[in-house]
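**Q** One letter stands for each residue in the lines below.
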Amino acid sequence: MIGGLWPLALVVLLVIGGIALARRIGREGGGEGPEGGTLRRVVTTLLLLGLLILAATGVAQLLGLALPGGEIVRRGAGDIAQALALTIVGVPGFALAWRYQTRVLERPGESRSVAWSIYLTLVTLVFGIGTVVGLVNGIRWVVGVGPRASTALSLGVVWGAVWVWHVLVVGSRFTPVRIPEGPPVVGSAIGLVTATTGLTGALGLLFSEAYATMTEEVALSAGFGDEFFSLLLWFVAGTAVWTWQWLGDARHRETSVLRSTYTLVLGVFGGAVLALTAVGGIVFALLDAPFTDADLVEHFDVVPPLIAGLIVGWAVWRYHRAVVLEHPAVLETDTGFAYHYLLAGVGLVAAAGGLGVVVNALLAALVPAIETRNATRLLAGGLAGLVVGTPVWWRTWRPTVAPSEIEIRSAARRIYLTVLAGLGSLVGLISLIILMYGLFEGVIDGQPFETIVDNIRAPLGVLVGTSIVGWYHVRIWRSERHVAAVEVPGPRAITLVTTGTAGAAVKALEERYHARVRVLHRTGVEDTGPVDADQAVQAVEGIEDREVLVLALDGRIEAIPVERV
Amino acid sequence: MSEARSPDRTLIGAVAAVAIIVVVAIAVVLTGDRVVELDPSSPEGVVQQYMNFVLDGDEEEALALTTFADEECTRVRAEITYQEETVRIVLGDVDVSGDRADVDVTVTRSDGDPLSGYEWSEHVTFELERVDGEWKIDEVPWPFVVCEERFLP
Numbered sequence: 058m059i060g061g062l063w064p065l066a067l068v069v070l071l072v073i074g075g076i077a078l079a080r081r082i083g084r085e086g087g088g089e090g091p092e093g094g095t096l097r098r099v100v101t102t103l104l105l106l107g108l109l110i111l112a113a114t115g116v117a118q119l120l121g122l123a124l125p126g127g128e129i130v131r132r133g134a135g136d137i138a139q140a141l142a143l144t145i146v147g148v149p150g151f152a153l154a155w156r157y158q159t160r161v162l163e164r165p166g167e168s169r170s171v172a173w174s175i176y177l178t179l180v181t182l183v184f185g186i187g188t189v190v191g192l193v194n195g196i197r198w199v200v201g202v203g204p205r206a207s208t209a210l211s212l213g214v215v216w217g218a219v220w221v222w223h224v225l226v227v228g229s230r231f232t233p234v235r236i237p238e239g240p241p242v243v244g245s246a247i248g249l250v251t252a253t254t255g256l257t258g259a260l261g262l263l264f265s266e267a268y269a270t271m272t273e274e275v276a277l278s279a280g281f282g283d284e285f286f287s288l289l290l291w292f293v294a295g296t297a298v299w300t301w302q303w304l305g306d307a308r309h310r311e312t313s314v315l316r317s318t319y320t321l322v323l324g325v326f327g328g329a330v331l332a333l334t335a336v337g338g339i340v341f342a343l344l345d346a347p348f349t350d351a352d353l354v355e356h357f358d359v360v361p362p363l364i365a366g367l368i369v370g371w372a373v374w375r376y377h378r379a380v381v382l383e384h385p386a387v388l389e390t391d392t393g394f395a396y397h398y399l400l401a402g403v404g405l406v407a408a409a410g411g412l413g414v415v416v417n418a419l420l421a422a423l424v425p426a427i428e429t430r431n432a433t434r435l436l437a438g439g440l441a442g443l444v445v446g447t448p449v450w451w452r453t454w455r456p457t458v459a460p461s462e463i464e465i466r467s468a469a470r471r472i473y474l475t476v477l478a479g480l481g482s483l484v485g486l487i488s489l490i491i492l493m494y495g496l497f498e499g500v501i502d503g504q505p506f507e508t509i510v511d512n513i514r515a516p517l518g519v520l521v522g523t524s525i526v527g528w529y530h531v532r533i534w535r536s537e538r539h540v541a542a543v544e545v546p547g548p549r550a551i552t553l554v555t556t557g558t559a560g561a562a563v564k565a566l567e568e569r570y571h572a573r574v575r576v577l578h579r580t581g582v583e584d585t586g587p588v589d590a591d592q593a594v595q596a597v598e599g600i601e602d603r604e605v606l607v608l609a610l611d612g613r614i615e616a617i618p619v620e621r622v
Numbered sequence: 204m205s206e207a208r209s210p211d212r213t214l215i216g217a218v219a220a221v222a223i224i225v226v227v228a229i230a231v232v233l234t235g236d237r238v239v240e241l242d243p244s245s246p247e248g249v250v251q252q253y254m255n256f257v258l259d260g261d262e263e264e265a266l267a268l269t270t271f272a273d274e275e276c277t278r279v280r281a282e283i284t285y286q287e288e289t290v291r292i293v294l295g296d297v298d299v300s301g302d303r304a305d306v307d308v309t310v311t312r313s314d315g316d317p318l319s320g321y322e323w324s325e326h327v328t329f330e331l332e333r334v335d336g337e338w339k340i341d342e343v344p345w346p347f348v349v350c351e352e353r354f355l356p
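Quick note, the sequences are listed as chains A and B, same order. The working numbering puts the first residue of the first sequence at 58, with every later residue one more than the last. The working numbering puts the first residue of the second sequence at 204, with every later residue one more than the last.
By construction, these hints were calculated from the structure, which means they are not laboratory data. Remember, predicted model here, so these are calculated numbers, not experimental data. By construction, the Cβ of each residue, glycine as well, lies at the ideal position given by its N, Cα and C atoms. Zero decoy hints are in this set.
Not everything, but these chain B residues come out facing chain A in the computed CB check (under 8 Å):
#1 VAL221
#2 GLN251
#3 MET254
#4 LEU258
#5 GLU288
#6 THR289
#7 ASP296
Chain A stretches covered by chain B per the calculated footprint, using a threshold of three residues with CB under 8 Å from any CB of chain B:
#8 330-343
#9 502-512
One chain only, chain A, in its complex shape:
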């Protein structure tokens, strides 16, 4: 019994030690340097988050035990002890740390710190996921389609309350200045992933059932209703979170690196991969149908869930395409280029991979076998990759249209070509090593020629695919080198001194001049609102010096060319 208390004692010691450390650093904070401030913020952020998780878990467990049907009878003393310990240590601990934190946050400049924004973002990440998972499993239990989950339900409720309190009350009282879009973007991501997974699963299940009912004349399979309801519940929960966090918040914020990462990587890339993988599977099923040994009804039973993936992926992709390319001007910026290069990359990988499999199938057919089953499957799979990947690549990379000079010089294009070169070389080298291994093994072992070819056809296919892709892109890169290398006169580094918020102006300056932009805030002045982006760009116009100081103070914007001495 006593032994079980040691971990708890350790937690208590850690918490007390952490508070003491934070207070001490805080007391010394009067004359602290920037490093001291950063260390203090990191320690208090972690401490605050840790205590919040302990306290919320303890309260949720207590509530779960009190719920009708709670596990109080089944589990006994251990659970009650744990819930009590977490609550008794966590709640006062968090209250103390929170009182300290609010005092600190009221100091000027404190809510500008990155640590505060990271804290709020982590709260959304941890408590957002906990709320969704807890509530869905809890509701499934309550309506009788899932296993007993009283703790999950109380966790969903308590963690949900903590999350909502942080978003609505804490976030608006101490609005973070750095990365303010962190919490809503992470919340949107949780909602989008949950809703997409739920809807794809629910529709897939529905279509599969419909297909089975039509082709085999069977009644609905047992458990269909429960599983369908559960998937639908995930979809509803995800949509609710997404509506609140995206449509209600992040949608209206300025574009930033984090927000673009969300729209491009999760929305565009994730949606496109989901939709195109589904199309690939459907194309494969069609191509392979004339050759399969299996019954056709059985052969096509993979298609219904793929149609669900296609519909959901397509909708997600098109919606985020509309968001990313909302303003036509975006097309000629890194964001617009990144949109097209991401899709070009997806198409290229699918097509090149498909080509590799086609080469593999060709070699397989050349080697005389003594027995084969479903030998055309390999070819059909490769062709499906090619058929799906090529049009996507063609429409987004537009190989017959000469790129503009802005596009050739853009960071997005250089990154795309570099990543392709790096990834291509890596894949090529690995397949070459595997190929050599198979070749040498066969020769040293004295295997017949057919066996050796059979051993190396897969890496040889990959090598052919990557070689053609690599050769094409190296030629492109070399033909553009002279354009990309030309020095454009104009600033490389811009320092913006302002009393307002500079997000839009920074982005506009970066995009117009491809320069590094640093922002300095004038101290002792209240936020004077956003800096006019167009005026800032105009002020720098015509300056050919390498470094520029932009003063955006008192409503006036002035650009001063400077140099380091």
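With chain A's structure known, arrange chain B on it following the hints.
**A** The following block gives chain B in isolation, referenced to the frame of chain A:
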């Protein structure tokens, strides 16, 4: 300007290479029936017949080609037939010495996602014995086994 045309030529080259590979692959895979019929009285021919019976689910016929056809054993479906996807078997070394022979084959299978073209191979050996002038399989490698615990009384 030759530089402006060079990307076009690159594109034509790449597209042509892909098109040729695809057309040749389709032609070869669809026209070539590359399953060789081996002499049924040779060791490798017996192995081919055995595998054919096993893959068609005809375990009794397959067993008749073994030295233990009359022994008691638990009949099982061969593991290889659980594989509903691609199966390719290529003949390796055939080593005959007197009344015993070893036949090596490479078995390549794939399942799961057809778009990835993922396959795996294994080299296995059949051991044969000449009984009354006919080759019979004495030792069956694992994915083709249809008779388990054959030494049970």
